[in-house]
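Visitor: Knowing the structure of chain A, use the given hints to seat chain B on it.
So the protein lines, in turn, are chains A and B. If you're matching positions, the first sequence starts at 0 in numbering that gives the first Met the number 0 and goes up one per residue. If you're matching positions, the second sequence starts at 0 in numbering that gives the first Met the number 0 and goes up one per residue.
These are calculated hints, taken from the structure and not from any lab test. Please read all numbers here as calculations on a predicted model, not as lab measurements. For every residue, glycine included, the Cβ atom is placed at its ideal position computed from N, Cα and C. Be aware that a few hints might be false.
[Stated by the list, open to error] Among chain A residues calculated to face chain B with C-beta under 7 angstroms, some are:
| hint | residue |
| --- | --- |
| 1 | Pro-12 |
| 2 | Gly-14 |
| 3 | Gly-17 |
| 4 | Gln-244 |
| 5 | Val-245 |
| 6 | Pro-246 |
| 7 | Leu-320 |
| 8 | Ile-321 |
| 9 | Asp-334 |
| 10 | Lys-363 |
| 11 | Asn-374 |
| 12 | Leu-375 |
| 13 | Leu-398 |
| 14 | Tyr-408 |
| 15 | Val-409 |
| 16 | Pro-411 |
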Amino acid sequence: MSKVKSFAGGTHPPGNKGLSCGAAVVRLPAPEVVTVPLCQHLGAPSKPVVKPGDEVTKGSVIGEQNGFISLPTHSPVNGKVLRIENVPMPHMRSGPAVVIKTESEDGENVYEPIADWKNTEIPLLVSRIKEAGICGMGGASFPTYVKLSPPPGVKIDTLIINGVECEPYLTADHRLMLEKADDLITGMNILAHVLGVSDPCIGIEVNKPDAIELLEKKGARVVRLKVQYPQGAEKQLIDAAVGRQVPAGALPLNVGVVVQNVGTCVAVADAVCKGMPSIRRITTVSGLGVNKPGNFDVCVGTPVSTLIEAAGGYKEDVKRLIGGGPMMGMALFTDGVPVTKGTSGILAMASKEVRDTAEGPCIKCGKCVDVCPLNLLPCTIATASEYEKWEDAEKAGALNCMACGTCSYVCPSGRYLVHYIKRAQNEVRALIRAREA
Amino acid sequence: MAENRIFDLAVSPHVGSPQKTKRVMWDVVIALIPALIAAFWFFGPKALMLVGASVGAAVLTEWLCLKFMKRPVNFAFDGSAVVTGLLLAYNVPSGVPWWLPVLGSAFAIAVAKQAFGGLGHNIVNPALLGRAFLVASFPVLMTAGWVAPMEWRDGQHIEVQACGVPTGNLSEIGELDALSGATPLNVLKQTFGWEGEPERAEEVRESLFSKESMKNLFMGRIGGCIGETSVIMLLLGALYLVLRGVLELRLPLSYLGSVALFGWLFGGPGWLDGNPLFHLFAGGVILGGFFMITDMVTTPVTKKGRIIFGIGAGLLTMVIRRWGGYPEGCSYSILLMNLCTPLIDRYTKPVSFGEVKKNG
Chain A
0 MSKVKSFAGG
10 THPPGNKGLS
20 CGAAVVRLPA
30 PEVVTVPLCQ
40 HLGAPSKPVV
50 KPGDEVTKGS
60 VIGEQNGFIS
70 LPTHSPVNGK
80 VLRIENVPMP
90 HMRSGPAVVI
100 KTESEDGENV
110 YEPIADWKNT
120 EIPLLVSRIK
130 EAGICGMGGA
140 SFPTYVKLSP
150 PPGVKIDTLI
160 INGVECEPYL
170 TADHRLMLEK
180 ADDLITGMNI
190 LAHVLGVSDP
200 CIGIEVNKPD
210 AIELLEKKGA
220 RVVRLKVQYP
230 QGAEKQLIDA
240 AVGRQVPAGA
250 LPLNVGVVVQ
260 NVGTCVAVAD
270 AVCKGMPSIR
280 RITTVSGLGV
290 NKPGNFDVCV
300 GTPVSTLIEA
310 AGGYKEDVKR
320 LIGGGPMMGM
330 ALFTDGVPVT
340 KGTSGILAMA
350 SKEVRDTAEG
360 PCIKCGKCVD
370 VCPLNLLPCT
380 IATASEYEKW
390 EDAEKAGALN
400 CMACGTCSYV
410 CPSGRYLVHY
420 IKRAQNEVRA
430 LIRAREA
Chain B
0 MAENRIFDLA
10 VSPHVGSPQK
20 TKRVMWDVVI
30 ALIPALIAAF
40 WFFGPKALML
50 VGASVGAAVL
60 TEWLCLKFMK
70 RPVNFAFDGS
80 AVVTGLLLAY
90 NVPSGVPWWL
100 PVLGSAFAIA
110 VAKQAFGGLG
120 HNIVNPALLG
130 RAFLVASFPV
140 LMTAGWVAPM
150 EWRDGQHIEV
160 QACGVPTGNL
170 SEIGELDALS
180 GATPLNVLKQ
190 TFGWEGEPER
200 AEEVRESLFS
210 KESMKNLFMG
220 RIGGCIGETS
230 VIMLLLGALY
240 LVLRGVLELR
250 LPLSYLGSVA
260 LFGWLFGGPG
270 WLDGNPLFHL
280 FAGGVILGGF
290 FMITDMVTTP
300 VTKKGRIIFG
310 IGAGLLTMVI
320 RRWGGYPEGC
330 SYSILLMNLC
340 TPLIDRYTKP
350 VSFGEVKKNG
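Isolated chain A (complex conformation):
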């Protein structure tokens, strides 16, 4: 057995994965009306190419790519466009979406499957991944094809597949590794082939021994990782798995590494070998606020309320609804928001699970300093931000923060450190823009 690796710092919040990790993925039919966001990926939203009243088919393009960091959006169903409007989103305040009345979910592959991908030209594979609208399924939703198109002169020698799933509660990636291991390995091999990497590996936390065993049995190279938040953060994962530190402000490709989520690999295999665009995803519904936590395979555009219903409905006490994990996920003000390609989970949390909102003064205990995976001084940046001293915040390294939330988690005074630091980031960026102008 290989050595268990880790990054420096971090913390270990209770995983609470037992609520849903045993529940096999349930495939839900498309709801009567799907609300498909045009901004599911990072970057420019897709430009709508349909209008109300248009008939659309499953997998047809409803929004076209709009720039380099952008992707096309596809209809998950056969049906009729009702309207195009701005709706509340799980990962942002609101954004444009195409509302489609579902008629059926029938339909074969959209593209010609490429069975012999090993002997297919690489640009063809990259363009398939782009056309299929695949973005990072771990949560950040960065367009995958961009990561596969390194600028000239950059040599990629390492591909790490992210199966860490370090956020508490979430089990979607865990179930996906167990139930779609073959597709996962195929997707991984396609990505390795595209990047010219010979020996890709999958990083998994040791709290998923069944997934590690299964994938190793199927011949994948697994890197065992310590259960420590945020082990799955891209730069921390690279540090832990291959011992390379991505410079501050740089990208993984600057150290010759590309990281892709396990869900992304499956989406790549579906697009290349089965000819299907990215219109579905597996997501976890959990928390003590739902009756039957589980994992669901749903089409994008499904409202969160439908997922909650599938998970047995709300219990009496639901204090907060979260899109994503409890550490970095966003609180949702309504369950009317649609699932996107990046929705790794929906949590309905009871009062006793949610942190106390009372905030005390900083007692300079240094706990945040001890745990910060980026070696920052969260308390110093937050205090500078609180007093609106943006230059001080900049000097303290506010822009390096990735908002993982580890500092806020451990803070004995319950301070909203991430919130203060995020605010400082906005102000510091404005300051830099003003300086450059």
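Guide: Structure of chain B alone, referenced to chain A:
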């Protein structure tokens, strides 16, 4: 679309560690209780009375200050004032009148803590500044109020050996008879110090550093401040804090290590002949090293800074013990280092991830 349920919004993260300030403070209070039991055993019920008066004064002063400044008064019950009151009482001799710790606690809370903005904003350790205030204002009471330890024997509280030094060796020394209530560190200072008596050095050294003396120091059967004498009880409390995950060990270990090292270097009559264990067990080093130097507010936030702080405080403690005007230097060393905290933090800012090391 059907009616959608509406929820409250909040920023991430949505979960938090159960270890909150209040819990940490009450854990420290619990950890200080064994030493209180030792104080009762060795110094009698009066020690308990002084501690009670001090804690009461601290909480009341905090409450009054908050009330006066129109701040939420429930801060007075977060446990931090109780800790300050306890620590202040632990730092006075048990022979003092009751109003002394009361005055000290009130000063500690009102001047050292609330005047600077309350919890989290004070510059120096309130309890230690309170003690410094008492030493400066009532030097006779604070340095001569030593009471010889007692023990319950045959249902009676009887006085035992004065300074933890085997009396057989010292009774022949005329001048030292006057020290019947002195502390081992007094004895040390009077013989090894600048104006000491070097001709007795060897004799005193032997008895101070003897096995029996060590045993008395470890158990707490010596003269000293109320809560500082019993090493074993203080270690018991420290162990509790470690088990609860409250104690970050960089400060205590660097401080104790530094005291041991410099104690060996120049803590004896000459060079390189001090007894590190004696210097760890005597005076307030164990109390200071686990309960005072670990005050989060007044010590560096950086990991490297905490180690520098500990080493500096250890060096100062030993310099004061050997050459300073007081027999014990623990509290002043921590106070002086408290003042250096912002500077230490500034110069020990960690290199953030990916900032220097590149392409591993």
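Visitor: It remains to establish, for every hint, whether it holds in the given structure.
Guide: Tested hints:
{"no.": "1", "hint": "Pro-12", "result": "6 angstroms, holds"}
{"no.": "2", "hint": "Gly-14", "result": "11 angstroms, violated"}
{"no.": "3", "hint": "Gly-17", "result": "15 angstroms, violated"}
{"no.": "4", "hint": "Gln-244", "result": "5 angstroms, holds"}
{"no.": "5", "hint": "Val-245", "result": "5 angstroms, holds"}
{"no.": "6", "hint": "Pro-246", "result": "5 angstroms, holds"}
{"no.": "7", "hint": "Leu-320", "result": "5 angstroms, holds"}
{"no.": "8", "hint": "Ile-321", "result": "6 angstroms, holds"}
{"no.": "9", "hint": "Asp-334", "result": "5 angstroms, holds"}
{"no.": "10", "hint": "Lys-363", "result": "5 angstroms, holds"}
{"no.": "11", "hint": "Asn-374", "result": "5 angstroms, holds"}
{"no.": "12", "hint": "Leu-375", "result": "5 angstroms, holds"}
{"no.": "13", "hint": "Leu-398", "result": "10 angstroms, violated"}
{"no.": "14", "hint": "Tyr-408", "result": "5 angstroms, holds"}
{"no.": "15", "hint": "Val-409", "result": "5 angstroms, holds"}
{"no.": "16", "hint": "Pro-411", "result": "5 angstroms, holds"}
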